[in-house]
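Use these hints to put chain B onto chain A, whose structure you have.
There are 2 protein chains.
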Amino acid sequence: MELIIPFDSQGNTPMYEQIYQHIKREIRQGNLRSGSRLPSTRVLAEHLKVSRSTTQMAYEQLLSEGYIEAVPCRGYFIAAIEELVQVSEPPAGRFVTEEEAGPEGYTVDFSPRGIDLDSFPYNTWRKISKNILVDDNKALFLNGDPQGEYPLREAIRSYLHSARGVHCSPDQIIVGAGNEYLLMLLSLILGSRQVIAMENPTYKQACQVFISQGYLVVPVSMDKHGMSIDGLAACQNPEPRAAYIMPAHQHPLGIVMPVKRRQELLSWAYEKEDRYLIEDDYDSEFRYKGKPIPALQGMDRGGRVIYIGTFSQSIAPAIRISFLVLPPGLIQEYKKKAGFYASTVSRIDQNILYQFLTEGHYERHLNRMRSIYKGKHDCLMGALKAFDGDFHMAGEHAGLHVLLTHKGGWSEQELVERAAKAQVKVYGLSRYFIHPELNPPSSTVVLGYAKLKEEEILLGCRLLQEAWVS
Amino acid sequence: MELIIPFDSQGNTPMYEQIYQHIKREIRQGNLRSGSRLPSTRVLAEHLKVSRSTTQMAYEQLLSEGYIEAVPCRGYFIAAIEELVQVSEPPAGRFVTEEEAGPEGYTVDFSPRGIDLDSFPYNTWRKISKNILVDDNKALFLNGDPQGEYPLREAIRSYLHSARGVHCSPDQIIVGAGNEYLLMLLSLILGSRQVIAMENPTYKQACQVFISQGYLVVPVSMDKHGMSIDGLAACQNPEPRAAYIMPAHQHPLGIVMPVKRRQELLSWAYEKEDRYLIEDDYDSEFRYKGKPIPALQGMDRGGRVIYIGTFSQSIAPAIRISFLVLPPGLIQEYKKKAGFYASTVSRIDQNILYQFLTEGHYERHLNRMRSIYKGKHDCLMGALKAFDGDFHMAGEHAGLHVLLTHKGGWSEQELVERAAKAQVKVYGLSRYFIHPELNPPSSTVVLGYAKLKEEEILLGCRLLQEAWVS
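Protein sequence lines correspond, in order, to chains A and B. Per my numbering, the very first residue in the first sequence carries number 231; after that it's consecutive. Per my numbering, the very first residue in the second sequence carries number 231; after that it's consecutive.
Hint data in this document are derived by calculation from the structure and do not stem from the laboratory. Be a bit skeptical, because a hint or two may be false.
Any copy will do: because identical chains look the same in the list, a pair fits if it lies in one copy or spans two.
Unchecked claim - Taking lysine to aspartate or glutamate and the EDC-like style, the derived pairs with C-alpha atoms no more than 20 Å apart in a straight line are:
1. LYS357 - GLU276
2. LYS434 - ASP375
3. LYS360 - GLU276
4. LYS360 - GLU644
5. LYS606 - ASP348
6. LYS357 - GLU593
One chain only, chain A, in its complex shape (with noise of 0.2 Å):
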């Protein structure tokens, strides 16, 4: 039996799942017959030019569902259809995220979320990985230090002072499985039932993580520089311990905080004793106007500014490796209260990162990042020009996304329907505010381009231009 399998290779779903699609429908509309054996999964990577991985995940997949069976020493077989009850289709999203589904219909999908994985250097990564994996280096598959590994804590140090302007030492550092894990750990060193302030709008995931930990969330109003001072000042009761803020690119606002209000947090941080900024430094690393702005912990000389950074946006949304940068005040609290928690990243991983910074290659590959998305940016802001007279636009200085705001004051839903008739995904304001249903309706709506290819980007803009402009 020979599989033609028509791939999508331009589409964000998985080969596997493709595989498996492919055969699963085969053997539901008849084609492929119960009885029949199906290629090895040797075979069918050879005659697919794909990895055996991938033939194996896919047939894997298919057994477990029922449609085909394993016979010792013979091999696959099409399962007896009829005995199929109730197959029941996938879940949603049980092979395929979000990202990974695709525009679902859409022609164009402007979404905030995700990079862009076509220059990710594969090769380096492997080349370190197999480096890695020899048996001199037998420790690394022993447990490690709670809060990471000290030569990979001291390579983010480096990099965090020359790229963001960041004083700490390693000891201050504590690596973990991205920044939701983090914000837990936060959580267990602040202590339990805390005050935040939230910017609002803001990173929804942050600000349930806080409220999963049993925190109130206060949300404070933004103002073009930010956070609002006075909204800050104006929560006394309850006063907040801490401060969540996004000074480098604010999301979803994107809001690049100028220096004037980051003093003004900090002297808010520094009024009252035990009182915190956390610092998410998110999308610090994209910025395409003006000089870059170092991280607010950088100025910081009281030892009240909290940053956490991850590497799973500017590597790879896989690679499930931040990191919080910790006052010396608290390191002693973090080591009472949850110093006994395990590292959640395996040493070997850490290590790849590791290599991965100290020689070079992180580096390179931001620049060439910077240089891919400022293309896809400028490709954007040259198709966005012909919406000026009916919008505003916001956020366009760094990060990989920007904000519309219609000038005639349609909402955002409306502006989200007429987007999806001409097939384009376009993602309403009022997603990211804390109580949606106190803010005033939005007229604004946020796309990303991370993701997306510059003749997609014109061909949205264009679908745009019918749907809102003309």
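The following block gives chain B in isolation, referenced to the frame of chain A:
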């Protein structure tokens, strides 16, 4: 300059640590003069027959502590020692963890932690990693399913079903970076301020997690079959929502819970709505006597057992992959309260493990380890025959440690100290008690043997015999 480094290939100190320590010592003792040039990391690696990452890590550490300096395009030079103001010793655990640090002056360390890594299938692991990091697996670098990749969960389900008699669907499985992380997640799922009954003595790390999550931990005493049912039933005010138990091989007592006690515990759970047993299937892979007893989860017909297992113990501690099996009733709670937490395990690592499981490597590895550990176990049993007159033995039917209790009533402290004088490290039982001060003084010590070679076991027992028996 040619460096001759006396490697200790027997000990567990990593190569890079040895190189770093050696060069540091040479600088401090003045044998390496300031201003002199070190060989490049490449040359040193070739010279020492180690990988280049090893020499790089050693140099990185020396750099970060100021012992050497990097001069662009010229290489590494010894720093001027008089400028090394107050270079403090690296804090304990900086490069090396408790397990790796070696016996710290002990001839033999019967550490109950750690595993035998000599038989780790490095080649297989490397080959799988290499095959996975190919370009057509680009999707692996994207964010995955928060619960863990579906094919991996299916492979875990299949393993648990055949090896442990666990009944579940992949939808009930949550993959996470280590037991402690998953217990944090479980705490979110069960809700705040719960009461948990725990075996006493127990796995202290789990106890610490619950306490750090604001839970009240109620210790329940043990009888020879496991957690005392009377003791558990007596916990009325407050009444525990769940009991945390280790039926396969209780840590540290080594009790294999008989079926009757398992049924009694299930009955306790069924008495009230929303009561649970948390089954930590610790050490279940290694059993030396009698037929393996399936997991308690497989006996549960009421959806009241939460099962937790890990690959850190059975493959390698650095493999930070554990899994929860939730009863169907708690899956909705998980999705509501913690479903937004992204997976803490990278998709790449999940796929390496997936291949390792589905290609049969895991089964082969377990079989090999079983026979290796059985050999060590039998060796220890033979050597401990001489202790029969003075000691009771327990916990020897499974797992990777045994307990010795002095019949004459020597305190554990006396046993530990006498052993230490003979250069042997053993571990007192009291460290595993939740409130050690409330428990009667113990005469019991714990001897782990997973990491020791047979000759070390024999030597250790001979030394102990002199210290305790003669």
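(request) Give the relationship of LYS357 and GLU276 under a CA distance limit of 20 Å: within one copy only, between copies only, both, or neither. (result) between (23 Å within a copy, 18 Å between copies)
(request) Pop the pair LYS360 and GLU644 into one bin, within, between, both or neither, using alpha-carbon distances up to 20 Å. (result) Answer is neither: 52 Å inside a copy and 49 Å across each miss the 20 Å cutoff.
(message) One pair to classify: LYS606 and ASP348, alpha carbons no more than 20 Å apart. Within, between, both, or neither?
(response) Only inside one copy: LYS606 and ASP348 sit 13 Å apart there, 50 Å across copies, limit 20 Å.
(message) As a check of your reading, is LYS360 near GLU276 (CA-CA no more than 20 Å) within one copy, between copies, both or neither?
(response) between (23 Å within a copy, 17 Å between copies)
(message) For LYS434 and ASP375, with the copy left unspecified, which applies at a CA distance of at most 20 Å: within, between, both, or neither?
(response) This pair counts as between: shortest inter-copy Cα distance 18 Å, intra-copy 31 Å.
(message) For LYS357 and GLU593, with the copy left unspecified, which applies at a CA distance of at most 20 Å: within, between, both, or neither?
(response) within (17 Å within a copy, 28 Å between copies)
In summary, the structure is inconsistent with hint 4 from the numbered list given earlier, while agreeing with all the others.
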